[in-house]
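Student: Chains as they are written, first to last, in numbering that gives the first Met the number 0: chain A, 0 to 322; chain B, 0 to 332.
Keep in mind that a hint or two might mislead.
If you want the footprint, here are the derived chain A segments under chain B, 3+ residues with CB under 8 Å [unchecked claim]:
id, segment
1, 159-171
2, 183-196
3, 256-268
Please keep in mind that the hints were generated in silico from the structure rather than gathered at the bench.
Glycine is no exception: its CB is placed at the ideal position from the N, C-alpha and C atoms.
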Amino acid sequence: MADNAVLEVEDSAQDFAQRTPKQIAWMRFRRNKVGIASAWVAIFFIMAAVLAPIIVRLLGLSNTQTYPETLNEYAMPIGKFGGITLDHPLGVEPGTGRDVLSLLLYGSRISYTVAVITSVTTIGLGMLIGVATGYFRGRVDAIVGRFSDFLLSFPGTFMIIALSLPLVQRVEAMGIAKDNAARIVVLVTFFVFFGWPGFARLIRSQAMSMRERDFVMAAQAMGASSWRIITKELLPNLWPTAIVFLSLSLPGFLSAEAVFSFLGVGVQAPASTFGLVLSDAVGYWRDDPAYLLIPSTMLVIIVLSLNLLGDAIRDALDPKGSR
Amino acid sequence: MLKYLVRRISATLVVLTLISMSVFLIFDVLPMDPARLTCGKACSPAVVEANRHRLGLDVPVQVQYGRWVKGLFVGRTYGEGQAQFTCPAPAFGYSFNRHECVTDLLKSAFPVTLSLAIGAFFLWLFVGVSLGIVAARFKNRWPDRASNVFVLVGTSLPTFISGILILLFVALKFGFVNPIDLGKWVSPLENPIGWINTFIFPWITLALAYAATYTRFTRSNVIETSSEDYIRTARAKGLSEKVILRKHTLRAALAPIVTLAGLDFAGLLGGAIITEGIFNLPGLGRLSIRAVLNDYDLPIIVATTMLAATFLVVMNLLVDILYAYIDPRVRVA
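Using the sequences and the hints, build the whole thing.
Tutor: Given below as structure tokens:
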């Protein structure tokens, strides 16, 4: 950051003239080497998850098939480091003999799905409520504010753990989804339910300060409708906040999903998210530490790269923003 | 100030009442039958109905709520005649599966959670704040960079992973902890060394994630405050950097940390579910997760949820009062 300080002064003088905010942000982002590197790492892992069926088939593996020939008579992997061989690059699962690489690739699809749906829904809902309460103020603002205060004082983690089991049964009984799909629906609903107040508050305070600015007043003076002011004047200015929030909440929800499946209230076997694999691996830690260390390293690398990417995006969009 | 206090305390009581009501309502509309859960699979309908009556689950939810609140203040008696038993006030309910008053379960679990929370709290506060100050003081030089690495690792390492790694590959592998002793509650009054031994690894696990956040927060607050005019004035007066930092910068920079720390601490008092689960500590978090996963012991779940919410709301009040004391402007708002 300090080395950039001098550069940034020059930037503002020459480069930044006649550029759109988007271009300026992109320029700043490109200069951030850590940001670029973490972006590539994040893209690599996301693509690996998206293309999991193709990759796994190309390697001649399957996430459901067991490979009994890789296990010894105690059902532990043969060979060092959890049975890492050319056929099974990340080893095999003790007990059943499933391929760890395919398990993790397929499992990370679930984790990403949960994280992306949750983040996008949280942002959508928070944006809607934040803009509405921040722009219109009044009674709705007071009621929503009280309600979100109330939600924030609710022990969210406790509620998720206590309610997920019966609610999954309810979702299944209503025929919305089955098994793991039902569990994902419940988990996402909870994350969004307890997640939106934070983001809505952020957006509300910005919308409140923005509606006092000259460009909004000008639009009002020209007789623009509230709808037009919100969509054409406010939203374009709120996007950077949403993008920053998205990039920082994605890794958060990713590890939250892992935590809940680790605790046994999220997705269940035979699916194989990070949390499930890790809770299984704890039982084998002495005999097969690689089976524990490989998935945890992979999860930490993914979360770290997404966090670094989020930091870089924030620095690019909002250089004055506090850390 | 008195007016402010009265207003805040009454608001807190209202919130607590609302929370307890909604918790009751939520668990009432669930497709779970607590009476059915009180006995095993080979349970005749007659026994279920008898238990339902004994637990007072055969009346409408508002009556159940009324009895529950009454039980909090005057205690509660279940059943009739021979099978009668009483939970003294404050009665949070009766766990049929464990045949114990929930209050007793909470009483034995709370010291564990409190020990965990207090130790971790001081550890992360000390590490986080001092690292943050150092990072701000040496902004963009190597101490700042090193603390930035710490922040990144701390925020990216989920607690359940750091907990597992610390437990398995440090505590157990090198024999710091005997697996048999894991999860045994040691009172700090009887055996202080054993107490520290039990909790040191859970403290480190829990403090790691929080310390990272506090480092980041302290650093940005100190840097922000350092650019204020009155700091420049202090420097112009010729005060030493040490005095400026201690008497001028930190006073302003650390005030917001009071709020953050209070709320984080209150959140932990309700039970650190992950850390307690991994280290098998018999605290409130483990109590509630077991109540959910083993037999869905509703009275315990309601009690722990309520307790966690109470800690949060009450701490929120305390923090606000403390803040109003520090910063008189708040009182008017």
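Student: If a hint holds in the structure, say so; if it doesn't, say that too.
Tutor: Now for the hints, and whether the structure bears them out:
1. Counting residues of the segment 159-171 of chain A whose beta-carbon sits less than 8 Å from any beta-carbon of chain B gives 8, enough to reach three: the coverage restraint holds.
2. With 0 residues having a Cβ less than 8 Å from any Cβ of chain B, the segment 183-196 of chain A misses the three-residue criterion, and the hint is violated.
3. Check on the segment 256-268 of chain A: 6 of its residues sit with their Cβ under 8 Å from a Cβ of chain B, so the three-residue criterion for coverage holds.
Taken one by one, the earlier hints fail for this structure only at number 2.
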